[in-house]
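Each number in the numbering used here corresponds to the 1-based position in the sequence shown with 25 added.
One or more of the hints may lead you astray.
Have a look at the derived ranges for each label pair, beta carbon to beta carbon [as the list claims (entries may be wrong)]: (1) K151 <-> G41: 24 to 30 Å; (2) E130 <-> P91: 25 to 31 Å; (3) P91 <-> K184: 22 to 28 Å.
Here are the simulated lysine to any residue pairs, SDA-like style, with alpha carbons at most 20 Å apart [said to hold, decoys possible]: (4) K125 <-> E114; (5) K151 <-> Q74; (6) K169 <-> R48; (7) K184 <-> S166; (8) K151 <-> W112; (9) K126 <-> C107; (10) K169 <-> Q74; (11) K122 <-> D133; (12) K118 <-> D133; (13) K111 <-> L134; (14) K170 <-> T72; (15) K58 <-> I93; (16) K122 <-> Q110; (17) K125 <-> Y103; (18) K58 <-> E94; (19) K58 <-> P91; (20) K58 <-> L88; (21) K170 <-> N73; (22) K30 <-> V183; (23) K118 <-> F139; (24) K132 <-> G120; (25) K170 <-> G41; (26) K30 <-> K184.
Just so you know, these hints were derived from the structure itself, not from any lab.
None of the values given here were measured: they were computed from a predicted structure.
Even glycine gets a Cβ: it sits at the ideal position worked out from N, Cα and C.
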Amino acid sequence: MSQDKIIIYCDGACSGNQFRGNRGGWGAVLKYKDTAKEIWGGEDNTTNQRMELTACIKALEQLKEPDIEIELFSDSAYLVNCINQKWYEKWQKNGWKNYKKQPVENKDLWLKLFPLLNQYTVTFFKVEGHSISALNQVADSLAKKGIKEKPGSIRFTVKKAKSQETSDSAFHLPASKLSHTELNENTIKISSSANKQSPPKQPKFKQRLSGNCPICGGTGRVQRVKGPRTTKTITTICTTCVGRGNI
Numbered sequence: 026m027s028q029d030k031i032i033i034y035c036d037g038a039c040s041g042n043q044f045r046g047n048r049g050g051w052g053a054v055l056k057y058k059d060t061a062k063e064i065w066g067g068e069d070n071t072t073n074q075r076m077e078l079t080a081c082i083k084a085l086e087q088l089k090e091p092d093i094e095i096e097l098f099s100d101s102a103y104l105v106n107c108i109n110q111k112w113y114e115k116w117q118k119n120g121w122k123n124y125k126k127q128p129v130e131n132k133d134l135w136l137k138l139f140p141l142l143n144q145y146t147v148t149f150f151k152v153e154g155h156s157i158s159a160l161n162q163v164a165d166s167l168a169k170k171g172i173k174e175k176p177g178s179i180r181f182t183v184k185k186a187k188s189q190e191t192s193d194s195a196f197h198l199p200a201s202k203l204s205h206t207e208l209n210e211n212t213i214k215i216s217s218s219a220n221k222q223s224p225p226k227q228p229k230f231k232q233r234l235s236g237n238c239p240i241c242g243g244t245g246r247v248q249r250v251k252g253p254r255t256t257k258t259i260t261t262i263c264t265t266c267v268g269r270g271n272i
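Let the hints inform the model, and build the full structure from the sequences given.
Take a look at the structure:
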């Protein structure tokens, strides 16, 4: 894995989805080199989909280096398919109406997310819900923890490996209020780099290396994985995660 690549796992949760007076939470874990940053928060009167989107937005808002490549993992088909299948292009063409001619849900959050995607090179990957991936489980736990937080609040922790001194300069520490760059809803464009790859279904293994796995943090042997639609190396993960399908 490139040393200048950030791995993000994000998740959302909601108690009493679609009901008034419910509580929702979101959580994300960002891994850069040997530094992992965990963020989480909560909202009232929300839905699972809004929390999934919020987790993605809050995670990308932590970044400040536009040249760093990002791999973002989510178990939300709603989020991943919108980006990889370019649903937003049809929404925009249809005046922000879906295929049922109904107003697109969560438009306010999509308009916050799209400008962030234009600032970075982001590749989206779909993971199975409650995947055994260590980082996905962390994101799931953070989202559940967020349900208990005060609405609008953001909590975070930054963890470093004890054996090495590493920099977390690729991350912003969250401010009390985070601003969003609003983009005109009729002129949305997302750079092709945000959609250039689909989640690899049948990875091919090219080279065995040694190092830490970016997904589970293990120190066993790792494999450089290539996706079926590209010759560009996507990521480097340990053989255990390869066997479990954690990619």
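Cross-check of the supplied hints:
no., hint, verdict
1, K151 <-> G41: 24 to 30 Å, "holds, 26 Å"
2, E130 <-> P91: 25 to 31 Å, "holds, 29 Å"
3, P91 <-> K184: 22 to 28 Å, "holds, 24 Å"
4, K125 <-> E114, "holds, 15 Å"
5, K151 <-> Q74, "holds, 15 Å"
6, K169 <-> R48, "holds, 10 Å"
7, K184 <-> S166, "holds, 16 Å"
8, K151 <-> W112, "holds, 16 Å"
9, K126 <-> C107, "holds, 17 Å"
10, K169 <-> Q74, "holds, 14 Å"
11, K122 <-> D133, "holds, 14 Å"
12, K118 <-> D133, "holds, 17 Å"
13, K111 <-> L134, "holds, 16 Å"
14, K170 <-> T72, "holds, 16 Å"
15, K58 <-> I93, "holds, 12 Å"
16, K122 <-> Q110, "holds, 16 Å"
17, K125 <-> Y103, "holds, 16 Å"
18, K58 <-> E94, "holds, 12 Å"
19, K58 <-> P91, "holds, 16 Å"
20, K58 <-> L88, "holds, 14 Å"
21, K170 <-> N73, "holds, 14 Å"
22, K30 <-> V183, "holds, 17 Å"
23, K118 <-> F139, "holds, 16 Å"
24, K132 <-> G120, "holds, 11 Å"
25, K170 <-> G41, "holds, 15 Å"
26, K30 <-> K184, "holds, 17 Å"
Comparing the model with each earlier hint shows no violations; every hint is respected.
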